[in-house]
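Engineer: One-letter residues, chain by chain:
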Amino acid sequence: MLELIDVSVIYDPYTKFRKEALTNINLKIENNEAIAIVGQIGSGKSTLIQLLNGILKPDKGRVILDGVDINDRRVKRKEIIKKIGVVFQSPEDQFFAETVFDEVAFGPKNLGFSKEEIEERVNRALLSMGLIPESLSSRSPFSLSGGEKRRVAIASIISINPQIIVLDEPTAGMDFSGKISILAHIKDQLHKGVGVVFITHNMEEAIQIADRLIVLSEGRIVFDGEPKAFFINVDFVKKVGLDIPFPVEFRERAKKHFPDFPFCRDSKEIIKYFLSRKKQ
Amino acid sequence: MLEFKDIFFAYEGEKWIIRNLSFSIAQGEFVALLGKNGSGKSTIARLANGLLTSQKGKIYVDGLDTSNPSDTFEVRKSVGIVFQNPDNQFIGMTVEEDIAFGLENINLPKEEAVERITEISEILQISPYLSFPLNLLSGGEKQKIAIASVLVLRPKYLIFDEITSLLDPINRENIFFTVRKICKDNNIGVLYITHNPEEAVYSDRIEVLFDGTIAREGKPEEILLEVEFLNELGISSPQIAIISNELNKAGIISKATLNLEDLVQKLC
Numbered sequence: 001m002l003e004l005i006d007v008s009v010i011y012d013p014y015t016k017f018r019k020e021a022l023t024n025i026n027l028k029i030e031n032n033e034a035i036a037i038v039g040q041i042g043s044g045k046s047t048l049i050q051l052l053n054g055i056l057k058p059d060k061g062r063v064i065l066d067g068v069d070i071n072d073r074r075v076k077r078k079e080i081i082k083k084i085g086v087v088f089q090s091p092e093d094q095f096f097a098e099t100v101f102d103e104v105a106f107g108p109k110n111l112g113f114s115k116e117e118i119e120e121r122v123n124r125a126l127l128s129m130g131l132i133p134e135s136l137s138s139r140s141p142f143s144l145s146g147g148e149k150r151r152v153a154i155a156s157i158i159s160i161n162p163q164i165i166v167l168d169e170p171t172a173g174m175d176f177s178g179k180i181s182i183l184a185h186i187k188d189q190l191h192k193g194v195g196v197v198f199i200t201h202n203m204e205e206a207i208q209i210a211d212r213l214i215v216l217s218e219g220r221i222v223f224d225g226e227p228k229a230f231f232i233n234v235d236f237v238k239k240v241g242l243d244i245p246f247p248v249e250f251r252e253r254a255k256k257h258f259p260d261f262p263f264c265r266d267s268k269e270i271i272k273y274f275l276s277r278k279k280q
Numbered sequence: 001m002l003e004f005k006d007i008f009f010a011y012e013g014e015k016w017i018i019r020n021l022s023f024s025i026a027q028g029e030f031v032a033l034l035g036k037n038g039s040g041k042s043t044i045a046r047l048a049n050g051l052l053t054s055q056k057g058k059i060y061v062d063g064l065d066t067s068n069p070s071d072t073f074e075v076r077k078s079v080g081i082v083f084q085n086p087d088n089q090f091i092g093m094t095v096e097e098d099i100a101f102g103l104e105n106i107n108l109p110k111e112e113a114v115e116r117i118t119e120i121s122e123i124l125q126i127s128p129y130l131s132f133p134l135n136l137l138s139g140g141e142k143q144k145i146a147i148a149s150v151l152v153l154r155p156k157y158l159i160f161d162e163i164t165s166l167l168d169p170i171n172r173e174n175i176f177f178t179v180r181k182i183c184k185d186n187n188i189g190v191l192y193i194t195h196n197p198e199e200a201v202y203s204d205r206i207e208v209l210f211d212g213t214i215a216r217e218g219k220p221e222e223i224l225l226e227v228e229f230l231n232e233l234g235i236s237s238p239q240i241a242i243i244s245n246e247l248n249k250a251g252i253i254s255k256a257t258l259n260l261e262d263l264v265q266k267l268c
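Order-wise, the sequence lines are chains A and B.
Everything in the first sequence is counted per the working numbering, starting at 1 for the first residue and increasing by one.
Everything in the second sequence is counted per the working numbering, starting at 1 for the first residue and increasing by one.
Among these hints, one or two may not hold up.
What follows is a set of in silico ranges between Cβ atoms, one per label pair, in the way DEER data are often shown [said to hold, decoys possible]:
{"hint": "1", "chain 1": "B", "residue 1": "Leu-136", "chain 2": "A", "residue 2": "Lys-78", "range": "29 to 37 angstroms"}
{"hint": "2", "chain 1": "A", "residue 1": "Lys-192", "chain 2": "B", "residue 2": "Ser-131", "range": "47 to 55 angstroms"}
{"hint": "3", "chain 1": "B", "residue 1": "Asp-211", "chain 2": "A", "residue 2": "Glu-98", "range": "29 to 37 angstroms"}
{"hint": "4", "chain 1": "B", "residue 1": "Lys-219", "chain 2": "A", "residue 2": "Glu-119", "range": "53 to 61 angstroms"}
These are calculated hints, taken from the structure and not from any lab test.
These figures come from a predicted structure and were not determined experimentally.
By construction, the Cβ of each residue, glycine as well, lies at the ideal position given by its N, Cα and C atoms.
Next comes chain A alone, as it looks inside the complex (with noise of 0.2 angstroms):
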C-alpha cells in the first residue's frame, strides 16, 4: 500500500513565481485498484505523481510504501522504483536503445536480474501489451507506429513488475483505436494484480476504466470515491473545471423528458436503455 500523509509541494518558494502545486494531500492506494486522477490543467496532477516513487520529495508530509517513508535517506532508490513504476507523458521521446528488446529490458537489467529472467520479463511485458515479441524484439523502436511505440514504452515500465503502475496521460496524443488498445492493456494490467493510476484529461475514459476517481483542483483533493458520485453532481463537476462525459451531457438532457433515465457510463448503456423502453 501506498500513502500520501498531510503532504504539501512548493514551486520556487522564494521567487515571485512561488506556487503551492499541492496542498495537504491525504491517500491511500491499494494494488487492486484503477484510479484516475482527474483535474485541470495546473490543478497539481503531474506533481501528485512525481511523488509516488520519489522523483519528487514533499516539502511537508511524507510519503509511505507498505510502511517505510520513501525518502528516508536509508532507503534504497532501487528498492522503490521495483515497486511503482511511472510513465511519463509522451514517453517514447525517451527512447533510446537500439532494439525494443534492449528498450523494454533496461529495467530489469539496472536491477540485475539474470538473462534468462531478463527474457522472460521483456516478453512478458510486451505480450502485456498486445505486442507480438518475436515480430517485434530486433526492430527499433523509432521505427515503429505512434500506437506501439507508446506500447513499448509502456512495457518498458511493466518489464520491472511493479506493483503498481501510474501513467500520466497515456492515451494523449493517440488517435481513436490506439486509445482503445492502450487502455484495454492497460485495464489488463488490474486482472494481473497490478495496480493502476493513471492521469487523464479524458472524462469518457475517466468514467469508463476507473473504480475510483481523485479530482484535484488548485493543489488539492476535492473529490475521492466512485465515478458516478462524483459525475451525477453536474454543477460541481464544472466548478472544478472539468468536462462533462457525453453520457453524463445526454443524461442531463434526457432526464426530465424520462424520469428513469440511468446514469450510463457509455453510449451503449444509452442505447439499451432506449432499446429495452421500446420493447415495452
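Using the hints, position chain B against chain A.
Structural biologist: Quick look at chain B alone, frame taken from chain A:
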C-alpha cells in the same frame, strides 16, 4: 483559394504517402481534415506552405505555385501553420519576443507590431503572460502563444495540425472555438487537421483522408453519421452519431442527427 491538385508525395526512398490528392479551401472556409494516425495528415500540412514539395501535382495559393522558389516568401506569408506540439516552434525567450519574431522577419514597423501583438493577445486572453518566460506556461497557454505568433502575421490561410490533441478538454474546447471564431471573423481559410470527430462536427466541410488520399468529402452530417464507414477507416464517430444511428436503425427515431437537443426532441 488554397488548392491541392493531383498531389503525389513520398519521403525519400519510400512508397507514396500521398496519392492523387485533390481538394481546395476558399478564404473564410473552415475545413476539417479527418484521418487516423499515419494517414498522411501532417505531410499535407507541410506540403501546404512549401516546407515539403510534392513529386507530382501542384499546390496553388491564390494562384501562386508553392513549388516555385521565387514565390516561397509570398506563399509562407499567406499560409501559416500551427503544429501539435508548441514546444517545437518556439524561438523567443519570453512570450512577447516569440510572438514578435515573425513580425520582425517581415520588417513590420515597431509601432504596428506592438499594436498587432496587443490586439491578438487580448483576443486569445494571453496579455497577462506577455513578459513570462515560455517554460513557465502550461500546455494550453503555450499552444495559445504558438497560435498568436502565427495569427499576428495575418495569413490568408491557416493549417492547424492536431493543435488540441495534447490539451485537456476544457482548453481544447476553448482553443477550438476561439480559433474558429478568429478565422471566421478575419476571413481566413482553414485546414483543421484532427483525428477528433467531435471537432469536425463544427466544420463547414470534412475531408476524410485514408491511405494518403481523400476517401470522401461532404458536410458534417453527410460524413459523421456514416459510423461504419468511418470505423473501417480507423476513425471514431462522435457518440451522438453512434447513438443516433442505432436508434434510427431500431426505428425509434426517424432520422439520425448530430445535434443533442434535436435527438432528445425526436425521442420524446
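Engineer: Work down the list of hints and note, for each, if the structure agrees.
Structural biologist: Checked hints:
no. : hint                                      : result
1   : B:Leu-136 x A:Lys-78: 29 to 37 angstroms  : holds (33 angstroms)
2   : A:Lys-192 x B:Ser-131: 47 to 55 angstroms : holds (50 angstroms)
3   : B:Asp-211 x A:Glu-98: 29 to 37 angstroms  : holds (30 angstroms)
4   : B:Lys-219 x A:Glu-119: 53 to 61 angstroms : holds (54 angstroms)
This entry satisfies every hint, going by the numbered hints stated previously.
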